[in-house]
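Undergrad: Sequence lines, in order, name chains U and R.
Here the first sequence stands for residues 220 to 334, where the numbers follow this note's numbering.
Here the second sequence stands for residues 17 to 132, where the numbers follow this note's numbering.
Keep in mind the hints are simulated off the structure, nothing from the lab.
Watch out, some of these pointers could steer you wrong.
Coverage of chain U stretches by chain R, computed from C-beta distances (three or more under 8 Å per stretch; other residues unrestricted) [unchecked claim]:
(1) 257 to 267
(2) 321 to 331
Computed from the model, here is a short list of chain R residues facing chain U with C-beta under 8 Å [as the list claims (entries may be wrong)]:
(3) L61
(4) D78
(5) Y80
(6) F106
(7) Q121
(8) F123
(9) P125
Glycine included, every Cβ here is placed at the ideal spot set by N, Cα and C.
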Amino acid sequence: SQKIEQNSEALNIQEGKTATLTCNYTNYSPAYLQWYRQDPGRGPVFLLLIRENEKEKRKERLKVTFDTTLKQSLFHITASQPADSATYLCAPGAGSSGGSYIPTFGRGTSLIVHP
Amino acid sequence: DAGITQSPRHKVTETGTPVTLRCHQTENHRYMYWYRQDPGHGLRLIHYSYGVKDTDKGEVSDGYSVSRSKTEDFLLTLESATSSQTSVYFCAISESLASGDHNEQFFGPGTRLTVL
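So here's chain R without its partners, still in its complex pose (with noise of 0.2 Å):
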């Protein structure tokens, strides 16, 4: 497996509480991504990082932001978690973002947050 590692790994905490998931990589990787995964939608973007303290939104970056402050470390923050952020959250890695070089994205082990 690529060098990348998710924290917590489980999580459970109440409507309105902030949250914090951590993606940490030793693959010295440029890009970063966070994907929420549910059933009957796959996978979606929430937001991606091009560098440090580069970041850009994805599909669905309503109630998430991120911070990049070093290159290994990519965290991303529910500010008040609600309960349609209960998901499973992949981080990704990837070299490049060029088209079919080097793009491909290697995955985190994931983290299962649950909202109540």
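Pulled out of the complex, with its shape left as it was, chain U reads as follows (with noise of 0.2 Å):
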């Protein structure tokens, strides 16, 4: 079956330095992967979305890339703030080679940046 992985342990940084989250997934081949904040007690928020064909996506601080040959999505956040801690998500969806185009949702990593 399908399987999503993210490292279930809170991600603890230094204000300032470089983020790197990740998202491994097995048993399919997703044709999009989108990345989602959560802060707590609110609905997720997109961030990014990432196609097949292309490697890396960048938005302000935000960068995401996607190998699909070691099947995994890393999500880079530079110069980290206090305010981006917060659970972040992601969410392989499928294509028109099979599975579902609903994207499946990894259950987040927490990331703490410390000032």
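Two chains, two frames, some hints: make the complex.
TA: What follows is the structure, encoded as structure tokens:
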């Protein structure tokens, strides 16, 4: 069955450093992968989408990579700030090759940025 | 925030009672979804809708039913609530379901349901 793995342990980093979060998937080949941010008590908020034919996508301080050989996506936040502290969810989705178009969400990784 | 509201925001009920949660959108998006979020499980899809009166099951649909009589409203019903349905429920909408085109989901604020 399809499986999505994100680090269950919180990632603690110092302000100003680059945070790197990992999303690994097995048993399917997603056509795209989304990343969301979720703050406590609130619904997830969409951040970025990367397609299978894209190696890298950037938006302001955010960068996402998508390695279909390694079956992995990396999510980077450069110059991190305490306001970046949240849980980050990855959500791969299938395309016309099979599987559900609806993205399946990973459990998320908590990021804590210390001042 | 996208125009999505959920009601009620909090509810406490007893085992065996029926419960209906409402999701209302003002974005005129075609697709609507109901998820539940539990510690250790993340977000899991319950049901989704791809149009008025068009719905389909998700990963964890047992014990739940849905209805969509208008574009803007998507109802989730627990016919006879059980303690295992204690959870936070999120509604989401998306414009598209295509591979990577406008298919990002916009989430509501959530409903915290406790079944005693």
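Undergrad: Taking the hints in turn, state whether each one holds.
TA: Here's how the hints hold up against the structure:
no.	hint	in the structure
1	257 to 267	holds (count 6)
2	321 to 331	holds (count 7)
3	L61	6 Å, holds
4	D78	17 Å, violated
5	Y80	16 Å, violated
6	F106	5 Å, holds
7	Q121	6 Å, holds
8	F123	3 Å, holds
9	P125	6 Å, holds
Violated hints for the displayed structure, listed by number in ascending order: 4 and 5.
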